[in-house]
Every structure is written in structure tokens, then in C-alpha cells.
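A.B. asks: Put together the whole structure using the sequences plus the hints.
Protein chains in written order, with the numbering used here: chain U, 1 to 291; chain P, 292 to 582; chain Z, 583 to 873; chain Y, 874 to 1164; chain F, 1165 to 1455; chain D, 1456 to 1746.
Here are the simulated PhoX-like pairs of lysine-lysine, each with C-alpha atoms no more than 25 Å apart in a straight line: (1) U:Lys55 x P:Lys551; (2) Y:Lys879 x Y:Lys1053; (3) Y:Lys1053 x Y:Lys886; (4) F:Lys1344 x Y:Lys1127.
The following residues of chain D were derived to be distant from chain P, with all beta-carbon distances above 12 Å: (5) Glu1470; (6) Asp1631; (7) Leu1659; (8) Arg1699; (9) Gly1703; (10) Gly1708; (11) Lys1709; (12) Ser1713; (13) Gln1716; (14) Ala1723; (15) Val1725; (16) Asp1741.
Where chain P lies over chain D, by a calculated footprint (3+ residues, C-beta under 8 Å): (17) 1586–1593; (18) 1598–1606.
No lab work stands behind these hints: they were computed from the structure. Just so it is clear, CB atoms sit at the ideal spot from N, CA and C, and this is done for glycine as well.
6 protein chains.
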Amino acid sequence: MYFHDKRLQYPVKVETPDPLFARQLQQAIGGVEGELRVCLQYFFQAWGNRSPNTKYRDMLLHTATEEIGHIEMLATAVALNLENAPLSLQESTAAANPVVNAVMGGERPRHMVEGMLHKHLLSTGLAAFPGNADGAPFDCSHVYASGNLAADMFANITAEATGRTLAVRLYNAAHDPGMKDMLSFLIARDTMHQQQWLAVIEELGGPAAQLPIPNSFDQSLENREFSYVFAGTDRNGEPPPEGRFTQGPSLDGKGQFSAKQAEPLGAAPVLGAARQGSGAQTEQMDATSSA
Amino acid sequence: MYFHDKRLQYPVKVETPDPLFARQLQQAIGGVEGELRVCLQYFFQAWGNRSPNTKYRDMLLHTATEEIGHIEMLATAVALNLENAPLSLQESTAAANPVVNAVMGGERPRHMVEGMLHKHLLSTGLAAFPGNADGAPFDCSHVYASGNLAADMFANITAEATGRTLAVRLYNAAHDPGMKDMLSFLIARDTMHQQQWLAVIEELGGPAAQLPIPNSFDQSLENREFSYVFAGTDRNGEPPPEGRFTQGPSLDGKGQFSAKQAEPLGAAPVLGAARQGSGAQTEQMDATSSA
Amino acid sequence: MYFHDKRLQYPVKVETPDPLFARQLQQAIGGVEGELRVCLQYFFQAWGNRSPNTKYRDMLLHTATEEIGHIEMLATAVALNLENAPLSLQESTAAANPVVNAVMGGERPRHMVEGMLHKHLLSTGLAAFPGNADGAPFDCSHVYASGNLAADMFANITAEATGRTLAVRLYNAAHDPGMKDMLSFLIARDTMHQQQWLAVIEELGGPAAQLPIPNSFDQSLENREFSYVFAGTDRNGEPPPEGRFTQGPSLDGKGQFSAKQAEPLGAAPVLGAARQGSGAQTEQMDATSSA
Amino acid sequence: MYFHDKRLQYPVKVETPDPLFARQLQQAIGGVEGELRVCLQYFFQAWGNRSPNTKYRDMLLHTATEEIGHIEMLATAVALNLENAPLSLQESTAAANPVVNAVMGGERPRHMVEGMLHKHLLSTGLAAFPGNADGAPFDCSHVYASGNLAADMFANITAEATGRTLAVRLYNAAHDPGMKDMLSFLIARDTMHQQQWLAVIEELGGPAAQLPIPNSFDQSLENREFSYVFAGTDRNGEPPPEGRFTQGPSLDGKGQFSAKQAEPLGAAPVLGAARQGSGAQTEQMDATSSA
Amino acid sequence: MYFHDKRLQYPVKVETPDPLFARQLQQAIGGVEGELRVCLQYFFQAWGNRSPNTKYRDMLLHTATEEIGHIEMLATAVALNLENAPLSLQESTAAANPVVNAVMGGERPRHMVEGMLHKHLLSTGLAAFPGNADGAPFDCSHVYASGNLAADMFANITAEATGRTLAVRLYNAAHDPGMKDMLSFLIARDTMHQQQWLAVIEELGGPAAQLPIPNSFDQSLENREFSYVFAGTDRNGEPPPEGRFTQGPSLDGKGQFSAKQAEPLGAAPVLGAARQGSGAQTEQMDATSSA
Amino acid sequence: MYFHDKRLQYPVKVETPDPLFARQLQQAIGGVEGELRVCLQYFFQAWGNRSPNTKYRDMLLHTATEEIGHIEMLATAVALNLENAPLSLQESTAAANPVVNAVMGGERPRHMVEGMLHKHLLSTGLAAFPGNADGAPFDCSHVYASGNLAADMFANITAEATGRTLAVRLYNAAHDPGMKDMLSFLIARDTMHQQQWLAVIEELGGPAAQLPIPNSFDQSLENREFSYVFAGTDRNGEPPPEGRFTQGPSLDGKGQFSAKQAEPLGAAPVLGAARQGSGAQTEQMDATSSA
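C.D. replies: Pasting the structure below:
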């Protein structure tokens, strides 16, 4: 079960509220690359973890819980960036705030209503919501918890890689020192989280031991003629670029890479004609299918 | 641009059509772990690839194009498994197919309408559609193409890891030899595809060179005090499990792992009161905010 | 504005409630092919109709309003089919209704909970909802109202064609005489609605006058070399099948059909390298892009 | 920020695993009526709470945090109900578990694969996911946080009312004593949560003080002729049923209820014709709109 | 069944078309707080209403039917606000309409294309669609019809509370007198609709009789030790704020409120290890699970 | 199976990159009217085509394959329009590009960040994604493949009609000669594609032979009293507008059009009261339903 402390994990301060940046921050809350996703992903991986020991379940719970606090920090940052946002176009046009103008080059605040996310004004009362920078709600199909530990670790590295990429883009777009400071913390946490999921793979023997995923499937049942060959699909048979993936031992140590032009091994498919009663046109049915 | 050959990449044969297995196969077409996802993912990564050279763009195009053929194989398999599926409950109840019954233990076909996906009967005329085993349409937010090459490679490993896990589960659930043969091919291709995306990371120097992602961000700008420390969130301060992620050098060679209990460093947040005109209740407004 | 009469447009009677058929009927309410879609589609086409006269706006309002009554009929049919549905597995197992059993071959009601839609039991209290047979809510992106009258008429023919196809499939799957009677009415209305939208195209001069849609675009601005040629994409240059679409005058009377193998006319695309600050990997950037 | 204790808020035990009940429990995790929704709803209401004091923010944080633990309990219950679920149809058919059969009347386990949610088998490895009983992912547009305290309290009462209704339906459908015990706890918590949100409304003066919501809007600006009249829309002018809503003082004490047949007060709308360049058909344009 | 009158329920006039306001109005059509939602919600509650008498069914039908007319008014308002909207950036830049400029302060129309919703230009031909201000289609999972009358009434109060909050925000953002007049009518109708659903609760005895919802569940089956206690989850045991919800009789008169720190009553969960054939990694399986 | 050629089907050139136009082009990739939809639609129609001969399957494969190349062209166009897009507001404000300004009237580039799609900056690294101009991902429920050939052909005409309408709107909005040239090609292909699907209908005998769809249903089973009558729903009985749809022979030659005011033929529906155990309020249950 869970507990809270009403203080934030790290300070969140905004000197110059910017409703456009509030919008961009939403991506880090409810975007595919955002904190809501990793939070729920780690929780569901933990709660469904099947294993003879509970080490990784425990580890996941620590980090999942940390992530709630990151959502909280970002939601706070969104609300602070929406302080004094214009409630109407007129207000926006009238309020030529000279301080902000000086910072931004004297051009920006006049059109803030056009740039900001209407949902912030119309639906949330100048606060954050669990959706992305386009206003789209987060959809939990992005919570990856496959029941396979190695697949989940790679999913987590991916989530933190896209998460840190987003945080870096936001850092580069930010102009407020408080926002840059908050992002410097979140970027550091993403650095660690990329590391820790990769460390699990390493601890379990690295790709050589863990791949192909799932490693519990007897590879003699797969058609091994096709297991380590790069398939070229250039129409004229131009070979694929040479690389680590076309030659040398495979990274799991179980095969040798090669490259080969793909050619059809199957026939053109033949489906049965439409049947009476199936809602097709008569022309789709066999002359003899009247029964 | 693109070309087709009307033959299949690999043979698809079904001896005993099974509408329930048709349903399960849909997950491999339009599920999050499915072929439609990887196909579009590799295409959009290729089409948006920014780099001084086009090596990975070209490589991605080869494999993306291959994946169209996998969707085609699975769609064919779905249609073949739906041959002679019951069009009504009565037909289902009546058609006690003794051959299938013998295979399955004499119990199954009577209730096939209940088990099959209604969309196959009501909406597609006994054919496949681009959705999953629950009938949910594929949603292209699962096409990950971040503009960051390393993040995309990890996303691709993840996609192929969950894809092969799904294919293995389908293999285990299958009873038709044609279906097992088709899956033994698709599993082998997933083996290779896991390898090839990992090989790109290796070719670029491995995690040490590629992490933290994005590696183009100057790490002196992140708050490095928090970059390699595992944050414990146990309420009673019970430390996290020890592992590769709590000690030793970090996997990018840029830090030392440690573990530490997380404590709030920020204050409880204070938001401005609701403003006149913002649609809040009067009680949410400052007594002095009448302007 | 709108008014109601609490009586139904056509009688809805169910002799033998069938929770599985209740599930299938949901497709006709909230499926892509369903009545909720056409209702909203005709309303939004009417409300947004731009034209010097209001003839088609008026016509659309008549039919849109009729469709509300069709949703009502189907929602009533769903509720009637859920009368006495089992509220638990035990109830389902115990209630071996001999009357239904006789009709269905003595096998069905024992497993009704497994076959029925759980949402009917858990979320609606044995009533209809605006979603499809898989429980997915209707999503209004399927309401097609393009602002182009001819495009909308074709969209409407499509909607009624898939709608009648669905109704026919339900008719074939139904076993209750009341349900067959209700569907015989809805199928007839779909017959008419297909006709009436096609009649608008005819009234405006038929495809020759209305195509290409939009007909207000000056065709001299399109690249007419490609306007009436079927493009073959067979990898080996095998020509497409011959048909009305490869020879003879085009159906708009503005060109001659032909067929031709497609070949690339453009170059391989070259995108700029990733820029500093864009969140890419360093390897994606030009050596010279340090600024 | 947040902390965890690896023990559950309340015991979760399953004597007889039932994959069909696992499916039904998903509705309480990721359904519209489920715990994920209330958890996120209370968090976002807290994090965005604007008010001169923080009382309700604090209160919301306590309960939001509690709700994480409810999701955890249910996710655990799902996983326990999936222990030993069949991985294939053959396994399902073969494993005629006599113990379960005795409980259920000897009929159930043979078809378990058909009844269970395929996602549990194919996508999660026999564990819970953040979606509902039909496999649909939770969509965060159901997280209601409007920025208006009273509207949010009514949204919360609604969420807990539908939540307890669902929990009661699950209790009635359950047959395992451990599951009934867990649900008797969750139902009790829903009882309290309904109360506590209603108590906020009461504490603020009840509906008389809080309605109409938002109470900060000057009612002299609304068209008060229509503020307390029930509008009848029967086609024949048959009056609406009499009730508390057609007579007597309004519940906010600011008007008198009445009922009246609605009649159109506006004209038929007239939109401008389609313009050149807007993609409409020529027939939709004014003869004179050639510019 | 249903009928229409081609006149509007209330006049809709726009003096100065504003494509940005057209965008904001979409939220009142197809947003979660919008008219499409309440319209369908009341219809589905009516059509599925189970009760010994039909009073509330009838009442719901009256209001559901009224709501179609509100969508119609708003759709008309959107179309009128899009009259003469720019079809391209050049047109937008060139058309420095001095009249509008005078009203708005001389700054706005130049960038209208950037501010307006692209869907209005690209997809609807300058008309409304059933989606929100961000262009997201309305999703019918927001149509709440639970089969429980009291839960539905609270859902309706919520819908009208957020609906009126939205209408007030639009009123405050509007600058056109015709739009303010239309909204003054819609706000008044929302006032009434909030009242009428609350009146149903009152008529049935108020919260004391109706709570806990569902009131048909025997409370002796819930774990009453937890039914009226506010659970504190502060990590340091700091008690929750005192309020009506922590002391005094409960609002249903069936208990006494109290507050208590929550502590785990359950154990840490233990799930079975992954099984052979379940697609997990070998490391997740028991050494002994080879069967 | 499938093959690629790394060259584009038609040249794609951008002289003056415009991030706002990049946004608008997304609609042609991942909008409902876009190329991703037709590509997948034709593929799934082909792969599921049931018919005694494979002519239309083959034809569909040719065109489906062509459409991949159109997505590729548009994705390339989006990326080229995003070259040098501003990565922050400051960059946008500072970079008053005099060349672009001269073209656009000196007003545009200063606010480009506000107008561009944030996903292009934050999530894709200045590249295309499979979603629309509002950032919403493409949802494959828009892939229409009904199993009925004629319904599918009308769906295809609709898709190409809305597709060409969109392309024309983009052409009118474009200012770059390269973009106009690319669109002149895509518009021409849409012209042909509209034609070719219509030609299939013609080849099969036209509407007279193909309607009502499905033409395999025995019309004597539909309630033919309602098959060719336009139903008026004006509240006052004002007749519908006269047109081709109210008089003369029907277009399928199987009936005569007429018009008639709709009147209720059914009774007001009566549903059973709520049952014990169904989660309703006690007031919804029969006094006698205690069992």
C-alpha cells in the first residue's frame, strides 16, 4: 500500500509563467514518453511479476512509487505556468505585459490565447490534466507489462530513453530558470532509470543469455534457416548495407549473421468463395454455393 | 516506392479451421505486439531518419517492407481459420463436426459462436481486420519513431521481444500443423530482428557510447547528484534489494551506482487562488480577488 | 429543434431473450456500421450544409431524425434480450432453461455468462450502451461530414451499404421471430436510404457531372498525365487484370483509361542531418553542426 | 511525494482460481467505474486545486494515495485468479478439474479458454493490466478535474456510486470466499468515499449555497426566464410527468419550478454558400461567388 | 420516435465571425462537458430505464430530446463563426480586416490560420463536427448509464455542473453579443438541468434514503468496520484535516464518521512463478517447473 | 510479399520550409481522409477478398502497394517542411527570416512555434508521424473492409472523394511550388482512384444490379412496404422537399419512390423492473421481486 508526504521530491519554481510552456510540459505528464506511463508501467510490471524470488518486483515498486512524485512535480509546474494566463482573447490582447515582453523580445504575449491549450482554459481551470501537449488523454495501452522480464526491461529502457529525449527537448525550449532547474533533476533521474533497467539485463547475463526473448522457447522449434539472416527486399536485388547485422557471430552467440535477398516461398493465397448468408454480393459466391 | 508479388513470403496452410484461433491470431496483426506496429514503426523511422549518412534508413526500409508480407501471411491465416465458421448459433450448435471433436476431445465446436470474435462474423465477412484479439482497432500512437536513433533501436528490440513472446504463446496454443509451421517461421524472423536492432547499438559503441540517451545532451547541465543513485521509496526506509543497479560503475562508464532513501527536497506546493471569471466556485477565490 | 413521441417507430418484441444476441445487436447501435453513426452523420451534414438553397439540408434533417428512432428500437431490443440474463456463473449453470434448450438443441444456456458481454452485466445493469459488440464505445471520428456534398452522399451510401450488410447478417443469425420482424423493417429502411443518397448524385447529373470530387477544382491544375491511368505495381511488371478501369472512356467523360507499370520518377529522399538541440544522438549530427 | 509498503492494505486470497472472474475484476481496475480512474481523478484534483486554503487539497491527497493500494489489491486478485489458467484450448479441454467442477456443477472448466480474456493469456502472461473486462485500455479522459470544486465533488460521488455498484455486482457474481471478503472491504471503502465527497458539499452550505455550479457566475447574466422551467418536448404537447422538478421552490432557493412545452424561438438557420477554394462541389457555390 | 422543426430552439446570431471562438465552441459540442454527451446520456438512461413505473424514463426523454436542439444551436454557431475564415495563410495575412481589428485592438486577424482548428479548414469545409476544441472526436464511453437510478442522477448533475462551468468560461471569453445571448440561454438551461436531477434524488428521500448507492445491497455484507472512517495516508501519520467527513453522523444516518491512519492489514503478495509455455524468461520459472 | 525501391514515386521538393504546412500535411498522412487509411483499406480488402475469381483481389493489391509510396512522399514532405523549424520560442522570435517574411508579407515566422504542431518538435525530432493535423494518431477502425465487394467499392470512392477534397484544400493553402507540384500529382491519382472503384460497380452492372447492398439477400424477407418510401419527420407534417428520391422508379429498378409522414407503429416500450442482485436502487425493483 502507499503513503504520501505533501512536500515535493524536488523544488518546482516558476518566475515567469508561460502558458505555452505549460502546454509543452503536458507531454511529459501524459504523452507516450511521459511520467504517467512509466509510473503505471512499473506498477503493473511489479504487481504481475511472476518469479521464484521477488527481487525485481521489489525494485520496480521503489521506482514506480518515485514516479508518482514526478507527475506531481510536473502537474505543479503546469499550474504555476498557467498563473495569470489570459481568460479571453481581449485580455490577451490588452495585457501587453512589458516585463515578459522584454524577456521575449517584445512580441509574444499578445497572442497567448492562440498558442495555449484551450483545454487548460476551458476544461481544467488553469491546471494540468493526464494528457499530452495536443490535449489527447493518456491511453493505458502504452503501459507495457508483458509477463516477460527481459521484454519488460527493454520496454523500460525505451520508455526512459524517449522520456529523457523529451526532457532534453523541453530543457532546450525552456527559458525560465526554475523550469530548467526542475528539468535538470528529471533528466538526471532518467539517466539513472535507463541504467537500472539495463543493469537487470546485465545481471542476468546480458543479451547473450537473455536473447532471443523469450529465452524459454526451445529454438529447435523455430525455423532456424531464417533466424540469423538479414532479408533484403530491394526490388532490384540491390543488397542491404553491410553492417554488424549482416556478418559475424550473432549477439546471442547462437548463430552467424548473413544477408540474403528475400523471395516468395509461398503461393498466392486462395480463400474460399463467399457463402450464402454471409452478407456478400451474389457475384462473390460460387454458382454452386446455393445451399 | 513499393512493389508486390502476389505470392506469400512463406507458405500458409490450415488443415482444421478454428475460428477461436483466428481470433487469437488477430493479436499478431493488430495488437500492440503485432506486425502492423513494427511495419509502420520501421517505415516512419526510415522516412524521418536524419543523419549524415543513410545506412540505417536503408536498413530500416528493407525490414519494414518485409513486415508487410508478415501482415499478409497472418491475414491469410485468419481468413483460412474462418472458413466454414458458423454464421449463427443454430448452425454452431447443429454442426457437431466429428473430426474436430475427435481432435479436441469431443467438446468444442458446439459453442464456437460464443468463443469467436463477433466482428469476424458481423463486420468483416469472415476475414481479418487491423485490430487485436479483443476487436480493438490498432492505434498508431504505438508507432514509436522519436527522431533519436538509439531510442528507436531500443523501441525496436522491445517490439520484437514482445512480438516473439506473443508468437511463442500462439505457437503453444496452436494445434494445427500448418499454423505451427507458419509460426516457426515468424518466430525465427523475430529472433533475427531482435538481433539486428541490437547490432546497431553495438556497432555504434554499445551502451557505453550510446547512453544516456540522448547522448548529445551536455551532462554537466543535468543535476548529476541524482544521475546514478537508486532512489528507495519504502515508507519505513527499508533499503531496496541490492543488485548491479545499486553498486559498481554505471554501465555508461560515467558514474558509480549507489542507493539512497528518497526524501522530499521541495516544499508543499502553493498555487494561486482561483480567479474571477475562471469558472470556479466563489469559495475558491480570495476575498480580495473581486477585480 | 426536436420532439419525441414515446411510442416506437416500429414494434419491437422478443419472445425468447438471448443475451448473446443482445451482444450482437450492439454492433447495430454503436458499431461503425450502426445507427448512431448514420444519425450523427446526417445531423452534422445537415447542420453544416453550405449551399445557395436548403433542399438537401432539409432532406438530411428528415432522415437524421428518423435514425434516432432506430437507435431507440435497437436499444429496446437489447434490453429485452437481456431480461433474465444470468447475474453470475452459478445462476447461469443452474438455470438450465428447458424451453430455450429445446429450441437451441439443449446445449446453450449453461454457458451464457461466458458468451454475453460483461459490460451488459457489470456496467449497464442489463441495458444497451452506445458501443459495439466488443464493448468498444462509438467514436465520433466515424461521423463523415466533409463539407463536400457529393463526397458526403457517397459516404452515406457506404454507411447504409455496410449497415444493411450488418442487418442482414443479424437477420441470418437471429432465431427469435420478433427480432426477425424488427430487422425486416430496418433492412427495408436501409434499402431506401441507399437509394435516396444515390438519387441525389443522379439528380445532380450523376458521376459524369459530379466526378472527380470536388468538381470545383480546375483540372488543368492537376497533373493530368496521371489522372486516368491504372498504375501497376507488380514487382515483375506483370500487368494488372484488364477491366473497365484499364480501357475505354473514363466514367466522368473527361479522359481515357489506360494501364501502365509504375516506375519511380523521384530520387531517393535526402533529409538534413539532425541539429544540435534537437534531442538526437551525436552520431546523427554533422561533424560541422556544432553551432 | 510518495512512499510504499510492500504489504497490501487488506488481505487478498483466492481459493479457487477462476480466469473468468479475473476478467470481470478487470472492470474494477481499468473500467470507467474502476479504481484507476478515481485514483488519478483525486490526484489531479489535488495537484490542480486552487483555493485560498489547502484543506481539500490535503484531503484529496490522502484518499488518492489510498486508491493506489486498491488497484494493487485488485491486480493481485487478477493474477491469483489466473494461476493455472489454461494456456491452450487442449489444456483447457483436458483439465477437467473435478474440484472446480463440483463447485460449479460439473460444467464449467472445459471451455475456460473461450470465456477468459485472451489478453491475459497472449499479452500479460497471466497478470492484470490497466484496462477493462473487454480488454479496452483505460483512457484518461475519464479523469474529471474541472477546476471547480463543487463540480468535482459531484463527479467524485458519481465515480464512487458507479464504483460501488460495480463492486456489488462483482460480489454477487463471485463464488470464492476470499474474493467476497476482499470485495466486502472495497464496498465499505466506497460507502465512505461517497459520504466524504458529499460531506464537502454539505460543509460548504449544501446545494442551496453551491448551486447553480459555478456559483461565482452572476445569475443576472443568464436568461432567467429559462432557469427553472422544465421543458417538455412531447410532439403532441403531452405534459411531462409531475414531480419535485416541475413545482415548488427550486433546490437552490433562487427560483420556482414550473413546466412548459418547448417551442422554437429561433429561425431556421441560414449559412453562407460554399466559397471558391473551399473544396465543395460547384453546385454548393453561389453563381456569383467566382472571385 | 422523433420529430423535428427546422427552426432553432433559441436564436443564434453572430455579428463578427471569429474562427478561434468557433474552435472554443467545439468543446461545448463534443467535449466531455458538452451537449452531445448529455444528449446521448439521457437517451441511453431513458431507453434502458428499469423500474416498476416509467416516470423517470419519460422525464429523461423530454430532456434528452431538448439537448439535440442544443447541439444544433452550437453547430450553427460554429458554422457562422467560420464564415469568411481564411483558407490559407496568405489570405489570413493579407486580409487585415480593419473592422475586426478595431474591435480587437488591431492585432488579431493576421494570424488566424495559426489559431483556428485545422480540421475546420481541412476536413469539414468550415463547419462543426462532433469533437472537442482540440479536434478529438467525442468518445461514447463518456455516456454514463449505469442501470442504477441514483448513480445516474449524480452523473447527470456532474455533467450539467461541468457543462455550465464550460458555458460560463465561454461566456467570459466571448466578445460577440449574439454569442453572449446564446450562451445566456444555454447557461440558464444548465441551471435548470442541475436542479432537475437533484430534485429526483430529493423526491426519493435525499441522500439519507439513496446512499450508499446502490441502496439495494445488504450493508451487513460489507465490512462495516471501514464504512465510515476517513483513511489517512500521510507517511508520518500526520492526521487528515478535520471536517464534516471526519466527525459527526454520516450523511446517510447509518454510521458515525471518524478518521484513522491507514496501516497494511494484508501481507506482501506472492504470485506463482511463471510456467513453462507461458512465454516468460527461464529465470522466472521454478527450477522444478519443467513439466 | 513486398519489395521497395528507395526512390520516390514522384519528386518531392520544398523551397521554403514551413512548419505550419508540415502540420497541415499530416492530415493527408494520418487523417481519416489520408493515405494511411486507403493503403490499409485496400490491403485488407485484398487479403480478405472472397470470390470465385481473384480479379479484384489482384487489382486491389496493385493500388494498395502504390499507396505506400504516397505515404512515403508525404512523410518526406513533412520532414522537408520542418527543416530549420525553431526548437524554442526564443529561436522563433529571434529568427526574423527576411526571405520568408518577404514572401509571406513580413508577418509570419515570429510566431511559428505557436502555430506548429508540438509533437513535431517534442516527439518526432522534426519528422512525420502516422497521425493527423491535430496530433491524433490514426485509428484503424477507419479501415473499411466489410466482406461485401460493392459496399467496399463505395467505401473506396468515399475515401478517395474525401482524400481528393483534402488534397485540393492543401493545394489551395500551399504557397511553395514544390508542394503544389507534389499535390498536383496526388490529386491526379485520386481522380483515377475515384474512377477505378466506380468502374468496378459499373462492370458488375451498375447500381441497378448491385443495389440494394448486399444483393444476395432475398428482398421478399424485408418489409417491402418501407423499402422505397421517404419518411418525413417534420413535427408539423410539412412534407420533405421533392426530388428524385420522392418520385419515379427507384434506382435499382425494383420499386417506386414515394414520400410519407412517419408515424409510430409500435407501442411505448416496457422493460422489466430491475432485479435483486443487479445493482439497481431498491426503488427500481418490484415490491414482489424479493426473491
